[in-house]
Amino acid sequence: MTTSSYPSKLLESAVNEFAKLPGIGKKTALRLVLHLLRQEKEMAFKFADTIHHMRQEIMYCKSCHNISDSETCHICADANRDNTLICVVESIRDVMAIESTQQFTGIYHVLGGVISPMDGIGPDDLTIGPLLEKIKSGDVKEVIFALSTTMEGDTTNFYLYKKFEKYNVATTTIARGVSIGDELEYTDEVTLGRSLINRLPFEKTL
Amino acid sequence: MHIRHLNLINFKNIQQAEIDFSPGINCLVGENGAGKTNVLDALYYLSFCKSYFNSIDSQNITHEQEFFVVQGQYERQDEDEHIYCGLKKSQKKHFKRNKKEYSKLANHIGLLPLVMISPADEQLINEGSEQRRKYIDGVISQYDKPFLDDLMRYNRSLMQRNATLKQLKESGARDYSMLDLWDEQLEQLANRIYNKRIDFIKELVPVFQKYYAYISDGKEEIALNYKSHLHEGDLKRQLLEVRSKDTILGYTTRGVHKDDLELLLGGYSIKKIASQGQKKTFLIALKLAQYEFIQKHNGIKPILLLDDIFDKLDDARSNRLLQLVSEDVFNQIFITDTNKAYLVDIVKRTGKDYKVFDVAGGQVLIEGEEE
Ligand SMILES: [Zn+2]
Numbered sequence: 022m023t024t025s026s027y028p029s030k031l032l033e034s035a036v037n038e039f040a041k042l043p044g045i046g047k048k049t050a051l052r053l054v055l056h057l058l059r060q061e062k063e064m065a066f067k068f069a070d071t072i073h074h075m076r077q078e079i080m081y082c083k084s085c086h087n088i089s090d091s092e093t094c095h096i097c098a099d100a101n102r103d104n105t106l107i108c109v110v111e112s113i114r115d116v117m118a119i120e121s122t123q124q125f126t127g128i129y130h131v132l133g134g135v136i137s138p139m140d141g142i143g144p145d146d147l148t149i150g151p152l153l154e155k156i157k158s159g160d161v162k163e164v165i166f167a168l169s170t171t172m173e174g175d176t177t178n179f180y181l182y183k184k185f186e187k188y189n190v191a192t193t194t195i196a197r198g199v200s201i202g203d204e205l206e207y208t209d210e211v212t213l214g215r216s217l218i219n220r221l222p223f224e225k226t227l
Numbered sequence: 174m175h176i177r178h179l180n181l182i183n184f185k186n187i188q189q190a191e192i193d194f195s196p197g198i199n200c201l202v203g204e205n206g207a208g209k210t211n212v213l214d215a216l217y218y219l220s221f222c223k224s225y226f227n228s229i230d231s232q233n234i235t236h237e238q239e240f241f242v243v244q245g246q247y248e249r250q251d252e253d254e255h256i257y258c259g260l261k262k263s264q265k266k267h268f269k270r271n272k273k274e275y276s277k278l279a280n281h282i283g284l285l286p287l288v289m290i291s292p293a294d295e296q297l298i299n300e301g302s303e304q305r306r307k308y309i310d311g312v313i314s315q316y317d318k319p320f321l322d323d324l325m326r327y328n329r330s331l332m333q334r335n336a337t338l339k340q341l342k343e344s345g346a347r348d349y350s351m352l353d354l355w356d357e358q359l360e361q362l363a364n365r366i367y368n369k370r371i372d373f374i375k376e377l378v379p380v381f382q383k384y385y386a387y388i389s390d391g392k393e394e395i396a397l398n399y400k401s402h403l404h405e406g407d408l409k410r411q412l413l414e415v416r417s418k419d420t421i422l423g424y425t426t427r428g429v430h431k432d433d434l435e436l437l438l439g440g441y442s443i444k445k446i447a448s449q450g451q452k453k454t455f456l457i458a459l460k461l462a463q464y465e466f467i468q469k470h471n472g473i474k475p476i477l478l479l480d481d482i483f484d485k486l487d488d489a490r491s492n493r494l495l496q497l498v499s500e501d502v503f504n505q506i507f508i509t510d511t512n513k514a515y516l517v518d519i520v521k522r523t524g525k526d527y528k529v530f531d532v533a534g535g536q537v538l539i540e541g542e543e544e
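Those protein sequences? They're chains L and S, same order as listed. If you read the first sequence in the numbering used here, its first letter stands for residue 22, the second for the next number, and so on. If you read the second sequence in the numbering used here, its first letter stands for residue 174, the second for the next number, and so on.
Among the hints, a few may not be true.
Straight-line C-alpha distance at most 30 angstroms; calculated DSSO-like pairs for lysine-lysine [as the list claims (entries may be wrong)]:
no.	chain 1	residue 1	chain 2	residue 2
1	L	Lys183	S	Lys339
2	S	Lys261	L	Lys48
3	L	Lys41	S	Lys262
4	S	Lys369	L	Lys183
5	L	Lys183	S	Lys342
Derived by calculation from the structure, the hints in this document are not laboratory data.
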C-alpha cells in the first residue's frame, strides 16, 4: 500500500499514529481506524479522552515507581503490607503477575528495565539510586530479586547484589521452576506463588 | 529408533513424496541434482528443526511455492512419534510432536538423534574455526541441554560486553565497572563451556582414531588438538590484560568463542598435506565417532545419513566403510549414490534388510514402482 492511496490526509495520519504502536502494522492500523469511524462519535471521543487523561494524569509512585493514580500507590500506602520486605521487579507487568498470586505481603520496587548495553540501558537508566537509598536507611530487612532469568536479568541481579552486599540486608532470589529465558509475566500463578515462598539466598545461586 | 514414513510437500525440489522406509538400509539412487540429498535434508529437518545446508528456512520452499511441509512417523523406544514441520513464507515455523506445538525448538533437539555425513563436511577442514566449534557444540548439545543454555548465555554476554566496549570507545569514559560486570559473567560461563569441551574431546579422540584406523587400514598417525585461551588459566585475568586493546577494537579478543580444534595428520595440518581420500576418511571417522558418542550418552542409536559417501574413496576404503556401518553398532541408514548397480551390490552383501528408491526430477519412487 502506498501512502498516496489514502483518500484522506486525516485518515492517513490517524493510520500512521496507530501503526506506531508495537505489533500494529499499516493494515491492522487501517482496520482499527475504520472501526472507530463506524462507531458513534461519542465513543471515539471517549476513547481519545481516556488516552489523553491517562497520559496526562498518571503518576509513578514516589516510593516504588509503580504506575499509580496518586503520589503513593495503593500497595505502598497499605498499612497491612510489610515495608521491610522489598521485591525488585523489572516492570509494572511483573507487579501485576506477582499480585495475582496473592502470596506476597511485602512491597515492590520497579526498576524500569534491566542492564543491557546493547539496548543502551545502563544502571543510571534504572531506579537503582532510590532503591539504594531505602536500603541505606536501614529499614529494609530483605530484598527479593524477581527479575527475568535472561542473561541481562541475571547480570542486573548480580550488580545489585554487589551494591547491597555491604549493607545489613538479606538478598534472596525467587526459586523458579521456569527455564532460562522465560519471562516472569508468562509464568503461571501457582509456580510463581510457590517460588516466592521458596526463595533462596542470592549468594547460593552464584 | 527409526523413521517409518516420510511425507513431503514443496520441500526444495520435491513437490510431493510419500515414502515408506526400511528399518535397515535405504538406498537413494539417481543423477546429481535429482533430489536425493533433499530427502536426507528433510530427515535432518525433523531432527534439528532446520536444514543441514541452508539456514534460511524460507529458501527451502520449492521455487514459486508458498509453503513446505515435512512430516515423519518414527518408532522410538516402542512408541510412535509423529513429527510435523511446516513453514509458510514470511510466517513463523511450526514444529509439532504428536500434534503438540513446541514452545521452544531447542526442546526438540536430541529427541531423534541423527548424524549426517556429507561432502559439505569438508568445510570442517577447509574453513575457519567457527565450523569446528559448531561441530563440537553440536555434538555436546545433543546430550547436554544445560550446555546449550550456557552457550547461548555466553554469546549473549559476549554481545553485551562488545556493546559496552563500543560505548567506552565512543564516550572515551574511563569507568570500567560495567565491563567488570560482564567479565564476571563471561568467566563463569566460559569455564563451564571449556570444561565440557575438554571432557568431550578427551572422550572423542580414541573413538575417532579407532574408526580412522579401521577405514584406512593403515598406520597413519592422526590427532585432534583442542586449542583454547582457557588453557592459559583464568579468563577474567586475561580479559583484564587485553582490556585496553579490546576497547580500541570494540570487541572481545579472548574467550571460548575463539576456541579451535586442530586437525593433524602425522603432526601436520590436515588441510595442507592430506589427500582427498585421507580428508574424506578423516571426516567420516569424526562423524562416526560423533555417532558412537551420541548413542552412548543418549542410549538411542541415531539415524545415519551417508550422502555421496563413496565419492573420492578407493574401493578398499569404501568396502571397509560399508562393512563397518552394517555392523550392529548402527541401526537405520540412508545412503545416496549415483551408481545404482554398485551401491545395491555392496548393500546386498551386508545381509541387512534394505530398500532401493529411484530419485529423478524431484520424484521419489520405490524401485520397480511406476510413476
Ligand atoms: Zn508504590
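- Okay, which hints does this one fail, numbers in order? Of the numbered hints given earlier, the structure breaks none, since each of them holds.
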